[in-house]
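Number of protein chains: 2
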Amino acid sequence: MAGGKAPVLTPRSEDFPRWYQDVLNKAELADNGPVRGTMVIRPYAYALWERMVAEVDTRIKAAGAENAYFPLFIPESYLQREAEHVEGFSPELAIVTVGGGKELEEPVVVRPTSETVIGEFMAKWIQSYRDLPLLLNQWANVVRWELRPRVFLRTSEFLWQEGHTAHATEADARDYAEFILRSVYRDFMVEVLAIPVLVGAKIAEERFAGATNTLTCEAMMGDGKALQMGTSHELGQNFARAFDMSYLDEHGAQQMCWTTSWGVSTRMMGGLIMAHGDDAGLRVPPRLAATQAVVLVVRDDDGSVTPAAAELASSLERAGVRVRLDDRVSTGFGRRATEWELKGVPVRVEVGPRDLADGQVVVARRDDGTKVTQPLGGTPEAVVALLDDVQAAMLVSATEARDVRTVDVDSVDDALEAARTGFARLPWRLVDAPAIQRMGSSAVTVRCLQTVDGDLPGTTPADELVAVCARSY
Amino acid sequence: MAGGKAPVLTPRSEDFPRWYQDVLNKAELADNGPVRGTMVIRPYAYALWERMVAEVDTRIKAAGAENAYFPLFIPESYLQREAEHVEGFSPELAIVTVGGGKELEEPVVVRPTSETVIGEFMAKWIQSYRDLPLLLNQWANVVRWELRPRVFLRTSEFLWQEGHTAHATEADARDYAEFILRSVYRDFMVEVLAIPVLVGAKIAEERFAGATNTLTCEAMMGDGKALQMGTSHELGQNFARAFDMSYLDEHGAQQMCWTTSWGVSTRMMGGLIMAHGDDAGLRVPPRLAATQAVVLVVRDDDGSVTPAAAELASSLERAGVRVRLDDRVSTGFGRRATEWELKGVPVRVEVGPRDLADGQVVVARRDDGTKVTQPLGGTPEAVVALLDDVQAAMLVSATEARDVRTVDVDSVDDALEAARTGFARLPWRLVDAPAIQRMGSSAVTVRCLQTVDGDLPGTTPADELVAVCARSY
Chain A
224 MAGGKAPVLT PRSEDFPRWY QDVLNKAELA DNGPVRGTMV IRPYAYALWE RMVAEVDTRI
284 KAAGAENAYF PLFIPESYLQ REAEHVEGFS PELAIVTVGG GKELEEPVVV RPTSETVIGE
344 FMAKWIQSYR DLPLLLNQWA NVVRWELRPR VFLRTSEFLW QEGHTAHATE ADARDYAEFI
404 LRSVYRDFMV EVLAIPVLVG AKIAEERFAG ATNTLTCEAM MGDGKALQMG TSHELGQNFA
464 RAFDMSYLDE HGAQQMCWTT SWGVSTRMMG GLIMAHGDDA GLRVPPRLAA TQAVVLVVRD
524 DDGSVTPAAA ELASSLERAG VRVRLDDRVS TGFGRRATEW ELKGVPVRVE VGPRDLADGQ
584 VVVARRDDGT KVTQPLGGTP EAVVALLDDV QAAMLVSATE ARDVRTVDVD SVDDALEAAR
644 TGFARLPWRL VDAPAIQRMG SSAVTVRCLQ TVDGDLPGTT PADELVAVCA RSY
Chain B
224 MAGGKAPVLT PRSEDFPRWY QDVLNKAELA DNGPVRGTMV IRPYAYALWE RMVAEVDTRI
284 KAAGAENAYF PLFIPESYLQ REAEHVEGFS PELAIVTVGG GKELEEPVVV RPTSETVIGE
344 FMAKWIQSYR DLPLLLNQWA NVVRWELRPR VFLRTSEFLW QEGHTAHATE ADARDYAEFI
404 LRSVYRDFMV EVLAIPVLVG AKIAEERFAG ATNTLTCEAM MGDGKALQMG TSHELGQNFA
464 RAFDMSYLDE HGAQQMCWTT SWGVSTRMMG GLIMAHGDDA GLRVPPRLAA TQAVVLVVRD
524 DDGSVTPAAA ELASSLERAG VRVRLDDRVS TGFGRRATEW ELKGVPVRVE VGPRDLADGQ
584 VVVARRDDGT KVTQPLGGTP EAVVALLDDV QAAMLVSATE ARDVRTVDVD SVDDALEAAR
644 TGFARLPWRL VDAPAIQRMG SSAVTVRCLQ TVDGDLPGTT PADELVAVCA RSY
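Chain order of the listed sequences is A and B.
Under our numbering, residue 696 is the last one in the first sequence; the count climbs by one each step, no gaps.
Under our numbering, residue 696 is the last one in the second sequence; the count climbs by one each step, no gaps.
To be clear, the hints were calculated from the coordinates, so they are not data collected in a lab.
Accuracy of the hints is not assured; some may be wrong.
If chains are identical, the list can't say which one is meant, so a pair holds when it fits in one copy or spans any two.
[As the list claims (entries may be wrong)] Think about it this way: if two alpha-carbon atoms lie no more than 16 Å apart in a straight line, the pair counts; the simulated EDC-like pairs of lysine to aspartate or glutamate are: (1) K249 - E564; (2) K347 - D467; (3) K594 - E310; (4) K325 - D550; (5) K249 - E562; (6) K325 - E315; (7) K594 - D626; (8) K325 - E369; (9) K347 - D254; (10) K448 - E329.
Bear in mind that the values here come from a model prediction, so they are computed numbers and not experimental data.
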């Protein structure tokens, strides 16, 4: 690199997985935990997760669900009550066999998900049709033993929310599962994360263990691979039967409930990094950002710059901007600017002695790297407007990046070719069992089935659906 | 109960533990989980916990600590690095021996607390004095196997926050531990929970396993027993040495850190119930309440009352009141009023057809049971003012209840007598080892040592301190 600066990160084009790992380390986002597959979420990344939680939680509450908390430990026997469920989760379980210094009589499972234990209590709480729908959610950690862990994407422990609802009819359950996918998950991902997710239904082989239908939000990452960002399941009467979730209807007849479950997790942190990151680091969309703007003191030789920068930071805060002041002048400006770039703070306001003497500051946007000089007085209003621009621009640019790598094809061959760099949209009627197997041997899967217009399948006949095929995380 | 109504709850004076259990059930707060010692936190109680989290989290952030997340699973070997720590926690551990279908080579412990795993990472992150203080916090579940579980008070799994900080000097660590106890915990408990906690230091025998000093907030429950509501520990250099948390000081010399840890948990839910509850149920202080006021439609024969009540609820919401509308007129008014009483909602606004015709509503306060008739127009302002009154009155009444059962004594005999109904304040110089043992055989312990004025001991000479003695949960 004669004469040049060594890049802080491995370039994405050179080695995408290593770039991802570099971002995690250099932006101080997360570390591997000491027990294989676990992770440590560092403060900067955790603040982003807290913002995700707040935004998703608001939408979940608006959807009428109430938060509750169920135990981490589940009797092993509970999982066995639903045949597909236990078959799906058994290979991933962590099992506690010793408690309080003694071998346990019945080993307990560390929850991989909570359909079973929540089903047990819903059955107690639901008596009559008046108790329905019962709409619950919990924010919790879950454990699924991972053989090939990767921080945020596949970890043995992760944080998530899991919604669990019981309804009187199949149609009610279906409507609610669809509502969550569209109005909670997609809305959050598009409007806040600025990630233009596709929605669709999983094919039978890819469904949640115990579900009759799994709806999904799928995002395209910077390397053209797909990431499943969130799912919403119709569980039919599988868990209702297993846990006897029944109710007396208006006519006094005993009926079985219909249930759903749905979740998003810290995996979205991985999606955020890989959908928006560039060779300089993370790029955080303003609506998500815990720090939307950083006011940087460039240099302060006579002690007059820091107070002015602090005053500007206060006025930004009063204007509703989540702002941070960086007055660590004992560290070089370039190094600090690189740090905030790495961390993807959407807007940097650089306050230096010369600009200040001229009554101005430099405002830099992280998404496209442009810088403008801005009169000091109007800075708060300018930054507020700029944050909106950045939010919109990031969604546009992510949508363009996705669309340019999405190809309509009409053969499995062409789908495989297109899936090398992005998404292939293939008529579902062309995908038979051998085709799925053939794609599988190239690590390509059907990410979801959707209508030609990109909506959930609903009642659309199968032979009119499109299969979105891609490599995936 | 000829002619009378059977009480909904066991009276407190008759059987306090059973009253507590009745409140948990009837107010739909919590259930026992299927695995012994675990609990299910139901939506109404979880909403209170969310409010506790929000209020405590705001204070923790104001104290400069940042949230992060560390793994649930800790290698068994980590705990063994600090001798007192492993000795203290070993009998309470839940141990995972099987993961992903295989016996694990090294069993992993489900965290009972996170000093060890956080110590390991702090040691990596701290290099120089510039990295200090390092102030971290996490909201998490922890597991301590309980032989005599009681919901919220002693559960095998509970939710809490655990703060972990590293400092350059012993004085810095001490100051921070005291700041957390006073300005985060006591402030929250007094100002929001309306529980007049005592502060003090634990005697050596009652310290956290691995601490050099444990500070505590102790509250008096409705039966005169004490509940430890939160603790803040100076850990000296015990964990710093065990995990090699050292730093380069200004002069380039290697120094060992001084650390603290501090936590409050869902145990506070038990404290809330037992400090404020009465024979009609829970009483929630307004600043904590997730629902501060409920607008109850008494009856609605012509369909005109519900819209008026809904309009009133909206105007209360606009006035900043966390309000709920109860328009379930198919259920009798008395039954619903009892339900909200049980749940301890601070203010009930009862809207009935006759009052409405007269342009008025009935406003009932939960804390003292009084009801007033209120012109409809001024209701939002009146409720806002009333909520402040209720908050203040609840603190006054809890303080009076505590003070009337707190006795200054000057012998162990008198302390034992006083501790039958409340707290005894006994000069610490009178408490020798045999005295502690004698008290112990009556289930009385030294809850904390404090100055005569009720402050933390600080540098006060030991023979001027007061030992607060009581039975406890």
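Against the structure, the hints:
no.	hint	verdict
1	K249 - E564	within (11 Å within a copy, 54 Å between copies)
2	K347 - D467	within (9 Å within a copy, 51 Å between copies)
3	K594 - E310	neither (55 Å within a copy, 59 Å between copies)
4	K325 - D550	neither (55 Å within a copy, 52 Å between copies)
5	K249 - E562	within (8 Å within a copy, 54 Å between copies)
6	K325 - E315	between (24 Å within a copy, 10 Å between copies)
7	K594 - D626	neither (28 Å within a copy, 64 Å between copies)
8	K325 - E369	between (27 Å within a copy, 12 Å between copies)
9	K347 - D254	between (42 Å within a copy, 11 Å between copies)
10	K448 - E329	neither (42 Å within a copy, 35 Å between copies)
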